[in-house]
Amino acid sequence: MTATRKAAAEESVAQKGRTGALKALRLSEAWPWLLLMSIGLICILAQAFGLFHEGIGKYLYISACAWAVAFGFIGFVGYVTDKIKTMEEELRDSKPVA
Numbered sequence: 001m002t003a004t005r006k007a008a009a010e011e012s013v014a015q016k017g018r019t020g021a022l023k024a025l026r027l028s029e030a031w032p033w034l035l036l037m038s039i040g041l042i043c044i045l046a047q048a049f050g051l052f053h054e055g056i057g058k059y060l061y062i063s064a065c066a067w068a069v070a071f072g073f074i075g076f077v078g079y080v081t082d083k084i085k086t087m088e089e090e091l092r093d094s095k096p097v098a
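Numbering (my numbering) for the sequence shown: 1 to 98.
Hints are supplied without guarantee of correctness; some may be wrong.
As a list, the in silico EDC-like pairs of lysine to aspartate or glutamate whose alpha-carbon atoms are at most 20 Å apart [to be verified]:
id, residue 1, residue 2
1, 85, 29
2, 83, 29
3, 83, 93
Simulated from the structure, these hints should not be mistaken for lab results.
Use the sequences and the hints to build the structure in full.
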């Protein structure tokens, strides 16, 4: 096998790995985290527009909303990080050993 063919074969395998990796990261699988962040942000906006004006209840409400956003963000980052690591491992395993 000539060097050109070998390089072309390696590039083909790497390209297939990249396309497969891009297909593997589906945001539709991360819907629980995105939903949690969205609900938290809607709650915070409702508070910002003056939906709640009563005593300590509004502070508990805004605190719960902030926690929802924080947990949603942490979960989403964890999901994406896990997917990236999985894709890197798949790419590393798909490379031919010379």
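Against the structure, the hints:
Between residue 85 and residue 29 the CA atoms are separated by roughly 16 Å; this keeps the pair inside 20 Å, and the hint holds. For the given pair, residue 83 sits about 11 Å from residue 29 by alpha-carbon distance, which is consistent with the 20 Å threshold. This hinted pair checks out: residue 83 and residue 93 have alpha carbons roughly 15 Å apart, not beyond 20 Å.
Going down the numbered hints, you'll see the structure goes against none, and every one checks out.
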